[in-house]
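Participant: Protein sequences, first through last, are from chains A and B. Residue numbering for the first sequence follows this note's numbering, starting at 1 and increasing by one per position. Residue numbering for the second sequence follows this note's numbering, starting at 1 and increasing by one per position.
Some hints here could point you the wrong way.
[What the hints assert, rightly or not] Covered stretches of chain B, going by a simulated chain A footprint (3 or more residues, C-beta under 8 Å):
# : segment
1 : 35-46
2 : 82-92
3 : 109-119
4 : 128-138
5 : 141-153
Treat the hints as calculated values from the structure; they're not laboratory data. For each residue, glycine too, the CB sits at the ideal point set by N, CA and C.
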Amino acid sequence: MIYWQLFLTFFKIGLFNFGGGYAMISFLQNEVVYKQAWLSTAQFTDMVAISQVTPGPVGINLATYTGYRTGGLWGALIATAAVCLPSFLLLILAGKYVFATRSTYPAAWRTLRLVVVGLIASAALTLCNAQNFVDCKSVLLCAGAFLAVCKLKRGPVTVLLVSAVLGFLLY
Amino acid sequence: MSNLIKLFFIFSKIGLFTLGGGYAMLPLMQKELVGPYLTQQDFLDITAVAQSAPGIMAVNVAILTGQRLHGVPGAVIAACGAALPSLVIILLIALFFQKFAENAIVRRIFLGVRPAVVALIMVPVFTLAKSAGVTLKTVWVCIAAALAVWLLHISPVYVVLLAVLCGVLLSKKERAK
Chain A
1 MIYWQLFLTF FKIGLFNFGG GYAMISFLQN EVVYKQAWLS TAQFTDMVAI
51 SQVTPGPVGI NLATYTGYRT GGLWGALIAT AAVCLPSFLL LILAGKYVFA
101 TRSTYPAAWR TLRLVVVGLI ASAALTLCNA QNFVDCKSVL LCAGAFLAVC
151 KLKRGPVTVL LVSAVLGFLL Y
Chain B
1 MSNLIKLFFI FSKIGLFTLG GGYAMLPLMQ KELVGPYLTQ QDFLDITAVA
51 QSAPGIMAVN VAILTGQRLH GVPGAVIAAC GAALPSLVII LLIALFFQKF
101 AENAIVRRIF LGVRPAVVAL IMVPVFTLAK SAGVTLKTVW VCIAAALAVW
151 LLHISPVYVV LLAVLCGVLL SKKERAK
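Please take these sequences and the hints and turn them into a complete structure.
Facilitator: In structure tokens form, the structure reads like this:
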């Protein structure tokens, strides 16, 4: 039963995947290419490329694409729902208790907030690689986008759309 | 009811413009939610919990925000909103464009978009710094966390766990005073 197998595989991925979409790629490769042999390595590479150039969380993109390739529309829906379900249950059940500790352990949350700022910075730093910055035009685009948001108070959507047009014109 | 519909549209907008991982959704989330719905501290705390839970960070942020605003129905609606745009787009691509990622126009557009995404992720580092309590005395915590993840490739989960452990000990010490 392909739907049940899709559900189990993606539930497992949703349950044990820590560390975001990119960490999910190797986990998924192991499950989908090696264990289940649903996709070939070439198909998997295509899928990763597609999920990086389409909007939406990478994990959702990967689940939808694999689900569709193996089980059609229902496969896509089941895989996508299954990958979200473990954290949904966990956060709904435990979220309230976690946030209740804001008054009992204030220093823990103060430390956590500092760390989150660091984690966001590290996410940006990790993306400062040769794939995202191909030449000086990339650096200028990045600086321009930063100033547009901070100084000119433009929204992220405007900045993304303008940079898409500029990318099309400049390259 | 209209509040739930609004929540759905906010998160589908966020899902639609999230390019490249969970952190890329934070600038848009901050713009859409901080102020009318969440305080900056709520936003930081939700990010911390979403990052430490398993699964997809962007969806976790949606679940926690939805739950905070409208309980379990809010969590379901927000998560569906965040997931729906990419579900539809991937289905369309799988149906019609086999070689989408190799398309020359797509490549050119993304050469422009990727550096902008990096800038968009940098922005909250500065705009959230004040409400996160970043001062000359505390900034080393942020720098240490960033370096641990960026250069040493330590999983953010361990960084968060260590922060919680130190923070709990600090809370106990403060209470003892």
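Participant: Does each hint fit the structure? Answer for all of them.
Facilitator: Hint check results:
no.: 1; hint: 35-46; result: holds (count 3)
no.: 2; hint: 82-92; result: holds (count 8)
no.: 3; hint: 109-119; result: holds (count 11)
no.: 4; hint: 128-138; result: holds (count 7)
no.: 5; hint: 141-153; result: holds (count 10)
Taken one by one, the earlier hints all hold for this structure without exception.
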